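Novice: Sequence:
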Amino acid sequence: MSPATVSVIVINLNGRHHLAPCFQSLFEQDYPAECVELILVDNASVDGSLELMRERFPQVKIIQNQVNVGFAPAVNQGAKAATGRYLALLNNDTRAEPSWMGALVAALEAGREQRVACVGSRILDWEGQRLDFVSSGASFYGFGYQFFHDFPLSATSVAAHEALFACGGAMLVDRAVFLEVGGFDEDYFAYYEDVDFGWRLWVLGYRVLITPTATIYHRHHGTSSRMQKYQMHKLFERNALMTVIKNYEETHLQPVLNSALLMVFQRMLGDAGEAVAWEQFDFAQGGVQPAELQQQAVPRLMLSPMAAVKDVLDAFPQLWAKRQRIQSRRLRPDAEIFPLLRYPFGPHYQYESRPAISQAIMDLLGVRDMLSGGRMHRVLIISTDPLSEHLAGVGIRAVEMARGLSQSCYVTLAAPERAEIHLPDVQVVAFARDDEPLMRRLASQAEVIIFQGYSLLRYPAIGELNKILVVDLYDPYYLEGLELFCKEEDERARQIARDNLATLNNQLRVGDFFICASERQRDFWLGMLTSLGRISPDGYRHDPTFRSLIDVVPFGSEVEPPVHQQRVLKGVVPGIAADDTLLLWGGGIWDWLDPLTVVAAMGLVREQRPKLKLFFLGYRHPNPADVPEMAMHTRAVELAQALGLLNTTVFFNDRWVPYAERSSYLLESDIGVSAHLSHIETRFAFRTRLLDCIWAGLPMVVAAGDSLADMVVQQGLGYAVPIGNAESFAQALLELTSQPDPRGRYAAAFAAVREQYTWPQALAPLVRFCRDPRYAPDRARLAMRSQYLQNNREAQLYATVIEKNAHIAYLEDLIQRLEAGRVMRLLRWVEERRKKIRHR
Numbered sequence: 001m002s003p004a005t006v007s008v009i010v011i012n013l014n015g016r017h018h019l020a021p022c023f024q025s026l027f028e029q030d031y032p033a034e035c036v037e038l039i040l041v042d043n044a045s046v047d048g049s050l051e052l053m054r055e056r057f058p059q060v061k062i063i064q065n066q067v068n069v070g071f072a073p074a075v076n077q078g079a080k081a082a083t084g085r086y087l088a089l090l091n092n093d094t095r096a097e098p099s100w101m102g103a104l105v106a107a108l109e110a111g112r113e114q115r116v117a118c119v120g121s122r123i124l125d126w127e128g129q130r131l132d133f134v135s136s137g138a139s140f141y142g143f144g145y146q147f148f149h150d151f152p153l154s155a156t157s158v159a160a161h162e163a164l165f166a167c168g169g170a171m172l173v174d175r176a177v178f179l180e181v182g183g184f185d186e187d188y189f190a191y192y193e194d195v196d197f198g199w200r201l202w203v204l205g206y207r208v209l210i211t212p213t214a215t216i217y218h219r220h221h222g223t224s225s226r227m228q229k230y231q232m233h234k235l236f237e238r239n240a241l242m243t244v245i246k247n248y249e250e251t252h253l254q255p256v257l258n259s260a261l262l263m264v265f266q267r268m269l270g271d272a273g274e275a276v277a278w279e280q281f282d283f284a285q286g287g288v289q290p291a292e293l294q295q296q297a298v299p300r301l302m303l304s305p306m307a308a309v310k311d312v313l314d315a316f317p318q319l320w321a322k323r324q325r326i327q328s329r330r331l332r333p334d335a336e337i338f339p340l341l342r343y344p345f346g347p348h349y350q351y352e353s354r355p356a357i358s359q360a361i362m363d364l365l366g367v368r369d370m371l372s373g374g375r376m377h378r379v380l381i382i383s384t385d386p387l388s389e390h391l392a393g394v395g396i397r398a399v400e401m402a403r404g405l406s407q408s409c410y411v412t413l414a415a416p417e418r419a420e421i422h423l424p425d426v427q428v429v430a431f432a433r434d435d436e437p438l439m440r441r442l443a444s445q446a447e448v449i450i451f452q453g454y455s456l457l458r459y460p461a462i463g464e465l466n467k468i469l470v471v472d473l474y475d476p477y478y479l480e481g482l483e484l485f486c487k488e489e490d491e492r493a494r495q496i497a498r499d500n501l502a503t504l505n506n507q508l509r510v511g512d513f514f515i516c517a518s519e520r521q522r523d524f525w526l527g528m529l530t531s532l533g534r535i536s537p538d539g540y541r542h543d544p545t546f547r548s549l550i551d552v553v554p555f556g557s558e559v560e561p562p563v564h565q566q567r568v569l570k571g572v573v574p575g576i577a578a579d580d581t582l583l584l585w586g587g588g589i590w591d592w593l594d595p596l597t598v599v600a601a602m603g604l605v606r607e608q609r610p611k612l613k614l615f616f617l618g619y620r621h622p623n624p625a626d627v628p629e630m631a632m633h634t635r636a637v638e639l640a641q642a643l644g645l646l647n648t649t650v651f652f653n654d655r656w657v658p659y660a661e662r663s664s665y666l667l668e669s670d671i672g673v674s675a676h677l678s679h680i681e682t683r684f685a686f687r688t689r690l691l692d693c694i695w696a697g698l699p700m701v702v703a704a705g706d707s708l709a710d711m712v713v714q715q716g717l718g719y720a721v722p723i724g725n726a727e728s729f730a731q732a733l734l735e736l737t738s739q740p741d742p743r744g745r746y747a748a749a750f751a752a753v754r755e756q757y758t759w760p761q762a763l764a765p766l767v768r769f770c771r772d773p774r775y776a777p778d779r780a781r782l783a784m785r786s787q788y789l790q791n792n793r794e795a796q797l798y799a800t801v802i803e804k805n806a807h808i809a810y811l812e813d814l815i816q817r818l819e820a821g822r823v824m825r826l827l828r829w830v831e832e833r834r835k836k837i838r839h840r
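full-length UniProt numbering numbers the first residue of the sequence shown as 1 and each following residue consecutively.
Check each hint, because a few of them may be wrong.
Okay, derived cross-link-like pairs now, DSS-like style, lysine-lysine, Cα gap no bigger than 27 Å in a straight line [to be verified]:
#, residue 1, residue 2
1, Lys570, Lys611
2, Lys310, Lys80
3, Lys310, Lys229
4, Lys61, Lys80
5, Lys310, Lys322
For each label pair, taking beta carbons as the anchor points, the in silico distance ranges come out as [said to hold, decoys possible]:
#, residue 1, residue 2, range
6, Arg567, Asp490, 48 to 58 Å
7, Pro3, His161, 24 to 34 Å
8, Arg494, Ala190, 56 to 66 Å
9, Arg494, Arg567, 50 to 60 Å
10, Arg768, His161, 22 to 32 Å
11, Ser2, Asp369, 47 to 57 Å
12, Asn647, Glu162, 53 to 63 Å
13, Pro437, Ala190, 24 to 34 Å
14, Asp47, Ala284, 52 to 62 Å
15, Val276, Ala190, 24 to 34 Å
16, Tyr619, Arg520, 24 to 34 Å
17, Tyr619, Arg768, 30 to 40 Å
18, Glu274, Arg112, 13 to 23 Å
Hints in this document: simulated from the structure, not taken from any laboratory.
Please read these numbers as outputs of a predicted model, since none were measured by experiment.
Idealized CB from N, CA, C, for every residue including glycine.
Could you build the full structure based on these sequences and the hints that come with them?
Specialist: Okay, structure coming up:
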């Protein structure tokens with residue numbers, strides 16, 4: 001069977017300098033040359049483009065327009081003149097990989113039985129270092145999105161997938177289908193004609209794919225560089241409205257169009273800035289105005305939405321006729337298309353004002369209910385740990401959050417330096433720790449951002465883009481840090497503590513929803529929120545429990561029981577026999593923990609229980625950039641050696657066990673152990689690795705004082721002993737091992753408890769919030785009145801202070817840091833912030 005014929009259509013307007021590399025790459029395709037037709041449609045170029053083409057590429061068919069008819073009409077001209085079975089659309093400022101055409105044809109033909117009619121390419125920048133287009137979506141009101149635009153190529157990997165639309169500058173489409181459905185809408189001129197075309201294909205029963213195996217290199221956006229901003233905005237607004245009017249089915253058009261029009265005018269008001277004194281329009285405020293104020297000069301950008309609506313109204317009969325033709329042929333309901341939007345509630349302009357007003361419009365006019373059947377919101381989870389097979393608490397929590405939210409949200413999981421894991425329905429992205437521009441782009445493509453630790457300090461964009469912020473407070477790092485701060489000189493310790501507290505307070509000021517690990521922690525954080533004014537009468541009226549502001553999302557365990565994959569300890573580690581009774585310390589050895597008491601207890605029971613062995617599972621933390629090696633590990637090894645226990649009774653792992661392999665260690669163990677010191681961190685701690693003991697059914701001996709120790713006693717899962725008391729620890733071990741099979745004796749107790757501590761149970765409050773995310777009432781009130789505050793210079797400065805005070809209040813103190821590498825970055829950041837504030 002001979003290969004399908006392909007007609008490549010390139011649109012050109014004064015792009016002479018682009019044409020040679022573009023067409024040279026087409027002549028170098030691996031695809032059979034006799035099956036390829038090349039067409040250039042020229043929109044009245046005056047730069048010698050046609051002369052170059054006739055001289056260098058005389059084989060190319062040229063269609064010469066006397067005027068610039070626009071992109072969409074020119075594509076349709078080329079499609080009607082083409083003879084190939086397939087049309088390949090390619091921008092003139094691109095070049096194609098030799099395998100590009102073959103990869104597109106293969107993908108389209110493989111999907112023909114599923115009615116795939118269009119396949120899009122992966123587009124990179126000219127150097128092949130950054131992504132230009134690899135995935136698409138749209139808002140419910142018609143604005144198109146290119147996800148992961150301008151991300152480093154190494155940051156993420158996107159597999160072939162169905163998409164709402166393919167980029168019109170690098171796609172393959174069945175020519176017969178293209179002509180049958182009407183091609184590109186020629187009224188669009190430029191922008192979103194590909195969004196509309198893809199949406200229409202889906203309505204009419206076809207499918208669209210994007211395949212990253214077909215690669216294009218793109219130089220720049222030539223059209224936008226020749227337009228004024230207000231001209232571009234008019235096209236965005238107009239074309240989005242036309243897309244909405246044509247493609248929604250009857251039952252959904254009214255709520256969508258009503259909402260879209262209100263939001264058009266909201267954006268117009270936002271673009272007015274300080275140009276309009278709105279209080280003068282209110283007689284009650286402005287009183288009688290002098291005659292010279294009858295005229296009002298406004299920015300053209302403000303009038304862009306009005307110009308867009310004017311175009312729609314002027315052509316409304318023709319637009320409605322297009323709608324009727326499309327709807328009369330509809331083969332797929334909107335409900336099947338909604339999941340392809342992937343950013344239905346996303347803003348088009350990242351600094352749109354009054355986001356709470358937009359939220360109210362969508363709620364009250366029924367758009368949110370209309371889309372409530374599947375995934376609706378885009379959630380960004382920022383891990384402070386790199387993600388690989390070696391995961392510690394922060395990384396585990398981020399991974400399990402992403403997994404739990406992926407059924408109800410579009411989830412992106414971002415991690416510093418490494419993101420080497422795969423999760424179904426989760427996009428995983430790696431970022432360089434100092435790459436704030438990439439973090440800004442990540443944040444801009446989310447509605448909800450979940451973060452913890454120093455993320456807000458390192459990446460201010462998180463708090464600057466009007467996103468809904470979820471602050472994860474499960475790790476009371478300030479209290480943990482006290483153990484480390486006190487090892488410094490007095491003044492430096494106080495400085496570090498002030499910095500950490502300021503960072504924490506900043507998070508508490510800006511968050512919309514907070515999650516923590518236990519009710520005890522929640523009480524602690526409620527106190528801090530109260531001191532910052534977040535527990536207020538407004539919040540009480542909204543929710544007297546304040547559960548909608550802060551709730552408990554502890555750690556969890558997997559739903560499926562653990563599986564033993566291979567022998568790892570008994571009969572494998574020298575000194576641990578197959579019939580030994582094995583104690584497992586399940587995590588790392590940190591300075592605020594107490595392995596010394598457990599080691600000492602092993603010395604006390606060695607003679608009575610010679611077959612009782614202790615294995616420390618964790619070694620160096622997998623994120624050494626934030627968690628240094630700690631002295632307590634060395635002290636534990638030295639004590640075991642001094643007691644004659646090292647590598648005979650007490651064993652220390654020499655690596656961090658991969659997360660997926662931990663089940664084998666758990667299932668070869670008989671008892672779980674944990675101990676901590678007596679200080680403030682213990683009161684509010686949540687020993688996450690003890691959840692693994694519940695998962696595996698390991699009876700436990702733990703130090704008392706934290707919430708999980710209370711649970712061990714209450715649920716009958718083992719023993720909680722006094723902190724630092726080796727004799728009590730030893731006695732508990734003797735009692736627990738006085739009869740064979742301690743695990744079996746506790747099996748019934750664990751069966752009754754296990755389901756309460758699974759990840760789905762633990763994450764339930766977070767899942768509920770992300771299915772219906774909201775600004776906190778106090779943040780929403782500020783957002784709703786922000787436009788009014790900008791009507792005069794004094795009010796604008798005041799609003800700026802409100803927005804930025806969380807940063808400014810402590811930045812001058814950020815001279816000394818825990819990590820020497822942060823100093824210069826933070827100082828530069830402080831100076832930049834000062835300059836921005838001075839210039840407002």
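Novice: If you test the structure against every hint from before, which numbers come out violated?
Specialist: 2 and 18
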